[in-house]
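Undergrad: One-letter residues, chain by chain:
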Amino acid sequence: MTFFYLAPWIVFFPVIGLLVNIIFGGRFSEKVIGMAASLASGLAFVVSVLLAYSLTQHPEAVRWTIGEWIHIGTLQLDWTFRVDTLSTTMMLVVSGVGTLIHIYAIGYMREDVRFKNDLKRFRRFFVFLNLFIAAMMILVGGDSYLMLFVGWEGVGLCSFLLIGFWYEMDTLGRPSWANSNAAKKAMIANRIGDFGFLIASFLMFWAFHSLQFDQVFQQAPAIAASNPGLITAITLFLLLGVTGKSAQIPLFVWLPDAMAGPTPVSALIHAATMVTAGVYLVTRSAALYVTVPAAQFIVAMVGALTALFAATIAVGQYDIKKVLAYSTISQLGFMVAGVGMGAFAAGMFHLITHAFFKGLLFLSAGSVILGMERGHHHLAHHSPLSPHPRPLSQGERGEGAREDAGHREEAFDPGDMRNMGGLRKTMPVTFWVYLTGALALAGVFPFAGFWSKDEILANAFSGGFSAVYWLLTIAAFFTAFYMGRQIWMVFFGKPRHEAAAKAEESPKVITIPLMVLAALSVVGGALNLPGVETLTKWLEHTVEFIEPGEFVMSVALTSTALALIAIFISWLLYGREPLKAGEADPLKKMFGPIFTGMERKWFVDEGYKALFIDRYVDITRFTADVIDWKFWHDWFHEKVIAGAYNWLSNVMLNRYADQRGIDAFFNGLGEWTKNAAAGLRRFQNGFVRSYALFVLIGVVAILGYLLLK
Amino acid sequence: MEFILQPLTLMTFFPLLGVLVLLFIPGDKKNALRWTALIASLITFLISIWVLTMFNASNPDLQLVAKYNWITVAGWNIQYYLGIDGLSILLVLLTTFLSPISILSTWTAVEERVKEFLLFFLLLEVGMTGVFLAQDLFLFYIFWEFTLVPMYFLIGIWGGPRRIYAALKFFLYTMAGSILMLLAILWLGIYQGTFSVPDLIAKGGIDPHTQLWLFIAFAAAFAIKVPMWPLHSWLPDAHVEAPTAGSVILAGVLLKMGTYGFLRFNLTLFPQAAVQAAPVIAVLAVIGIIYGAAVSYAQADIKKLVAYSSVSHLGFVMLGLFALNPQGIQGGILQMINHGLSTGALFLLVGMIYEQTHTREFKVYGGLWKVTPIFGTIFLIVSLSSMGLPGLNGFVGEFTILLGAFGSTVLNSPWYAGFAALGVIMAAVYILYMFQKMFMGPEGSIVEEVRKHGHALRDLNWREIVTIVPLLIFIFWIGLYPAPFFHLMAPSVDKLTAAFQAAALAMR
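Protein sequence lines, in the order shown, are assigned to chains A and B. Numbering of the first sequence is given in this note's numbering, commencing with residue 1 and proceeding in unit increments. Numbering of the second sequence is given in this note's numbering, commencing with residue 1 and proceeding in unit increments.
If we strip away everything but chain A, and leave its shape as in the complex, we get (with noise of 0.2 Å):
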């Protein structure tokens, strides 16, 4: 029996889900809210179990049309689901984990729009995550690059208005554009990713008269073979679509200024899902790819260069989300690398299960956030607000909002990892599943993370990428690095805040979505083990071009011998003797300047404002101010034209007309301009009908003359 109809489900239910809260929700508790929109995202994950059984049944790609899009000519497009082992795989992520997190962000948006006094936008982040989930369903189940662009920038959307969610706010609540300076610039960022996207479309439309999967890759050998500087081509302008979306070198700014966003909008798609939408392109693109070795190349090694670019920007960073995004983006490179190589399977393994650790990983770090929310709040209060938050009345809210503008001003920053310590004993779950999450992130034995990175590595130490081999053992070095440095400064040693010490253990809606993920994180790894290859051999009905890959004993030692130095090391400079309040990175005073340049990001930001953005303005401004307005409107217009004709009909008309006296006709209508002119010598008034008079002349001139003639 097989379910495939069900396919435009995936989509329909989560729109059912928004429309839902969106008519009904102002009526509704914010409990039945949460529960609709956890519902339809439920149900998007029941269909997407039904139709992974359905392909255990019958493995060969399904396609469900559901109505005609665009056809003009040979553009033939259709509304089209793609059910096969690759995008099953992506729809189970995506509304399994989604599901997770809407469960969790019922527990965590409760506190946030408290803490933050508007009730009202309870409702709105449930539309938001609702739609998010649709428009990942679109991506990853459409059947044709059209489609998958429909829901690759309707995700973008969604980022954008998510990490705009407190929009008027900064992170720490202050009245601010910085919040939505990060959702303009991320989606700003994602545009110049699809234009590439964009041009790789149009490239390949004219080359294969199709965008449907099939039907290009049908052909891709063919034309590969005639022509391979355009399939080489189309996959270069596709990664940077790649490189806009899944945050890779040069687009990657967007991402760590999108932890803006409330923590769940950071673990679902900045970290599990959506960023990972690049990778999922490359692989569904996986018969382009392979015919073009110097385009895989690249790929591999803009992975490669940006998962140890960013690992080393994770070592300088003190807020506790920015380090899980620089990890996020150099994970995305690690897999962006694998699949460059090739080794598709593997880059697909190492995606679902970062789409568990560092899901989880985020959502704890939302749990320690919010834990010292309350820590602060409790402070400042005197009352505790949670674990069971209660609805503040009207008067309160008034006068807490007053207070608590008057606390933010003194910035306490909830995400400072230099305010936490001490932590895994007011907050002992979170600390376990935190806990599980870096191991598995630090690639660790038997953690997921340390199957699927280690499958990577192995690829490309026997694919003969020994570059992308060595960039991505040194990466993994800094990630147990900076996993290790996390978990001393968050955990252990003594409280560097009052709030700290005073943090409070989330509540079960929190907790449970976390240890289910925890639980994925330690056992995902069996999803593709070394001979057992389940994952490898699931993708290979849809991606042709999977070789299992094999375990190498040797990179698996290095790798996981480099990780515990990594940690050891960490142990040495934040647990053995744990940072004390004030008091500087023990890196930074040893390394100074090179810590300075981690911790400021390599000041990529600050170069792209000084090369673009601010050239960018400058150059509007220019053709805006002077180009447009000075020269050509106002002096070319007004000067040139208008000047001169006013000139023209006053010399011309009062000269000639009046004084040789060529007709009287002429005459009269001459000297009704002059006065015209002279008693409204403004620009407005003598303009206009001396200009009709022109007119008039002619027409009726060259009227007569085609008549007489």
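Hints were generated in silico from the structure; no laboratory data involved. Some clues are possibly wrong.
Unchecked claim - Example chain B residues on the side facing chain A (calculated, C-beta under 7 Å, incomplete):
(1) ILE25
(2) LEU231
(3) SER233
(4) VAL295
(5) GLY367
(6) PRO390
(7) GLY407
(8) THR409
(9) ALA428
(10) GLN436
(11) ALA483
(12) PRO484
Claimed, not checked - No farther apart than 30 Å at their CA atoms in a straight line, the calculated lysine-lysine pairs in the BS3-like style are these:
(13) B/LYS115 to B/LYS29
(14) A/LYS630 to B/LYS304
(15) A/LYS630 to B/LYS363
(16) A/LYS588 to A/LYS494
In this text, a Cβ means the ideal position worked out from N, Cα and C, and glycines have one as well.
Dock chain B against the given chain A, drawing on the hints supplied.
TA: Leaving out everything else, chain B in the frame of chain A:
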């Protein structure tokens, strides 16, 4: 009676009945005047729906033709000749659709000389519909020039502080181009012996050199109207000074008269010249796209930003039309509609907030999403449509245009579309800037300013929602299911492109 009951004639001139009724209503009965005009334009819209039901989408030729000899003097034969086909039907519907919406938008915005305002408005509708239906060049010219007069007064009487200047500039600029077109029309009438467009197409045979001159003469009129870079200087003045309803119609319909003119006359009458001129037009279009987007971003006035964005958007339309292949032309026609919907909606929305704040300076705005959530959400959707977000209407048009231009055999270079695609990034920059500065960030000073005058900034009321929702429906409809729209135009466009293949062959 037979004459007036023909569907196209009836549709074109029905607003005159409204004018007639308006004349008998005293000027101080403002609501009666408004309802009369609204109903007249709504009935006109219903007539256009009736026309749509009679329209046979699979027939590429002119339909529902109304044809009479009109002026027959000295061997001249000027006809009253109306007809509709796939090139014009959507534009006619856009006109009849936007007119009642614009009238609804004036409900509280226009309080002075209501009668005259509505009178001019209905007259304008007659002219615009006529422009899209006329198949006789002389008749076309009359309708074309006729639209100038009501628009001149709409800007000049109900406009902003510099309205006289803007109205004159609009009038003269357009006239200047039209004169050249008139000459070309006269040339055709005399040397080809007819003003009828189908007859002229059938006759053909104008040598390429002459074609080029005639092409340029027609293009002069249309390029100013579009406006194509660098002839856009009248547009910001006209838009900034025009009342909201004027801006909606100006952006929504009047500019389309220019692009439609290219499509209907330049492409069909002078196919060889069109092939020759295509690269030049495409270059101007691409410059317009980039230039318009760059200049938009640097504006301090919301309405001016939207006005300059039209230069960019219509650059896309022109690029599509002169790709001279089915994707480009169909995309171009659809993009005319899209621009009418999304820019029309943007002007409506800007007008709605202006009515309350009396300022359009970005710097006083900010954080409005929290104050006026419905307004903010609708503004967001329309903005996204304008920047071409997939799933909304703008994307379908832009994508097909760029795709067509990229592979156009006439343009024969991917660079046009490549540079034009930069406009997609730049559109995101100025649109998001606009949305951010108005709706995100801390509360702008205007909120407090309005509060000081005794009443807080309010969200959209029911009338305003009714005004804007029809546009939103089409924004989603065209984005998700554009098939019916493409089906309406496809046969006529195919016929047109077939003629181009013939022309291109003839030139070899």
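Undergrad: Taking each numbered hint in turn, which are not upheld by the structure, reported in ascending numerical order?
TA: Numbers 1, 2, 8 and 12, in rising order.
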